[in-house]
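This is what each chain is made of:
There are 2 protein chains.
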Amino acid sequence: MAGKKVLIVYAHQEPRSLNGSLKDVAVAELSQQGCAVTVSDLYAMNFEPRATGRDITGTLSNPSFFNYSVETHEAYKKRSLSSDIVEEQKKLQEADLVIFQFPLYWFSVPAVLKGWMDRVLCQGFAFDFPGSYDDGLLKGKLAILSLTTAGTASMYSKTGVNGDFRYFLWPLQHGTLHFCGFKVLAPQISFGAEMASEEERKRMVASWAQRLKTLWEEEPIHCSPPWYFGQ
Amino acid sequence: MAGKKVLIVYAHQEPRSLNGSLKDVAVAELSQQGCAVTVSDLYAMNFEPRATGRDITGTLSNPSFFNYSVETHEAYKKRSLSSDIVEEQKKLQEADLVIFQFPLYWFSVPAVLKGWMDRVLCQGFAFDFPGSYDDGLLKGKLAILSLTTAGTASMYSKTGVNGDFRYFLWPLQHGTLHFCGFKVLAPQISFGAEMASEEERKRMVASWAQRLKTLWEEEPIHCSPPWYFGQ
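Chains as they are written, first to last, in the numbering used here: chain A, 38 to 268; chain B, 38 to 268.
Where hints are given, some of them may not hold.
Repeated chains share a single entry, so a pair holds when one copy, or any two copies, can fit it.
[Claimed, not checked] Derived pair list, reagent style DSS-like, types lysine-lysine, alpha-carbon separation capped at 27 angstroms:
1) 195 - 128
2) 220 - 195
3) 250 - 114
4) 195 - 176
5) 127 - 115
6) 176 - 115
It is worth saying that the hints were derived from the structure and are not from the lab.
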């Protein structure tokens with residue numbers, strides 16, 4: 038879709054990894070479609086994951102009792118958040134679609150990406166009260182998780198040791214993305230990445246490239262408990 | 038239980054916060070029982086959350102293609118993990134009970150605590166293949182999540198906007214703690230902490246202190262899908 042803006046938030050240490058290839062092929066395919074693609078390469082940026090007082094420049098609203106969510110909400114309104122947060126918020130504000138590309142760490146995102154969520158998605162910018170879930174401040178945007186797992190698809194099934202893969206998506210897709218107003222596309226999961234042959238990894242990359250050709254036509258998932266925990 | 042060793046992994050920036058008080062009362066109560074209590078105060082330690090090559094001292098097993106899980110597994114066996122990881126692994130190895138004390142950030146742990154999980158719980162130390170879930174390498178230990186939420190208990194019910202609180206516990210309790218062999222005690226959740234009065238917060242702290250008196254007698258939860266997603 039020519040003219041669309043895409044942000045890829047990418048969390049892998051090795052450029053030649055499967056995650057790196059999945060990111061690269063997304064940049065290539067979407068650029069070819071005429072999209073403007075921006076990548077936040079979190080490890081390369083040495084992105085700060087810790088939520089601390091350093092995220093607020095200037096004086097705190099209550100220096101004697103630090104409350105991170107209150108202080109960052111205030112700082113957002115006063116435009117006194119630290120520059121690395123502001124930079125990411127600008128990229129996010131402009132994006133029509135956000136792709137999160139990461140390997141699954143402990144049924145979730147790696148800490149560097151968790152830190153991006155903790156720090157960038159602050160109150161006033163990504164949500165407010167009112168202003169959450171379907172009314173989240175980032176509504177109108179699409180998001181998709183593209184992740185790799187060490188475990189196989191059967192391990193991530195209802196009867197597998199890890200339970201259904203949809204179970205671990207709840208905090209990320211519902212609790213974070215939906216909460217901020219995103220419409221969530223079905224995840225792209227490259228299962229069993231650790232043990233896959235070179236040939237299989239190439240197929241995973243090709244399959245993602247193929248899907249991206251028609252991604253803009255996809256209907257978002259219905260992001261509520263039945264999608265995750267239904268029979 | 039006199040003689041027992043307890044590790045509290047604590048993730049809050051403000052010592053006078055509700056999380057700080059919950060941590061303090063646990064130290065006091067457990068010490069009074071005769072337990073040896075150690076606290077890892079992650080923000081105060083400026084604990085590193087990012088999983089990078091800096092976690093391996095000396096030469097990498099494959100310097101031309103960085104694979105974090107392979108390299109840290111190798112480094113664990115060769116005793117060449119970075120000292121901050123080794124230090125936490127020692128504390129964990131000695132602990133009979135681990136308490137995680139944190140505010141819920143995006144239906145999960147704050148990034149600084151996610152980084153502790155990503156980096157400390159490496160293959161060879163916390164799990165192996167075989168050596169996961171009921172055979173996880175940390176078996177014989179107890180773990181409990183003690184967390185605070187901004188949302189109320191009714192918001193975290195099956196019919197509430199955030200869905201049942203058990204849904205978001207799955208990646209942490211099952212995918213992480215159970216995977217490493219821990220027996221998991223029912224979580225201690227202090228709901229609605231942000232809007233609570235001083236009086237209500239005091240009751241939350243007192244209620245935790247009271248529970249700790251008989252915590253050692255509790256039966257762990259049956260950590261499998263029905264506990265989380267059953268009717």
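Going down the list of hints, with the structure as the test:
For the identical chains of this complex, residue 195 and residue 128 are neighbours neither inside a copy (37 angstroms) nor across copies (35 angstroms), given an alpha-carbon limit of 27 angstroms. For a Cα distance limit of 27 angstroms, the shortest separation of residue 220 from residue 195 qualifies both inside one copy, at 25 angstroms, and across copies, at 22 angstroms. In this assembly of identical chains, residue 250 and residue 114 lie within 27 angstroms of each other by CA distance neither inside one copy nor across copies; the values are 39 angstroms within and 45 angstroms between. Proximity of residue 195 and residue 176 under a CA criterion of 27 angstroms is satisfied inter-copy only: 24 angstroms between copies versus 31 angstroms inside one chain copy.
Taking the closest pair of Cα atoms, residue 127 and residue 115 come within 27 angstroms of each other only inside a single copy of the chain (16 angstroms); across copies the shortest separation is 44 angstroms, beyond that limit. Taking the shortest Cα distances, residue 176 and residue 115 sit within 27 angstroms of each other inside one copy (23 angstroms), while across copies they are farther apart (49 angstroms).
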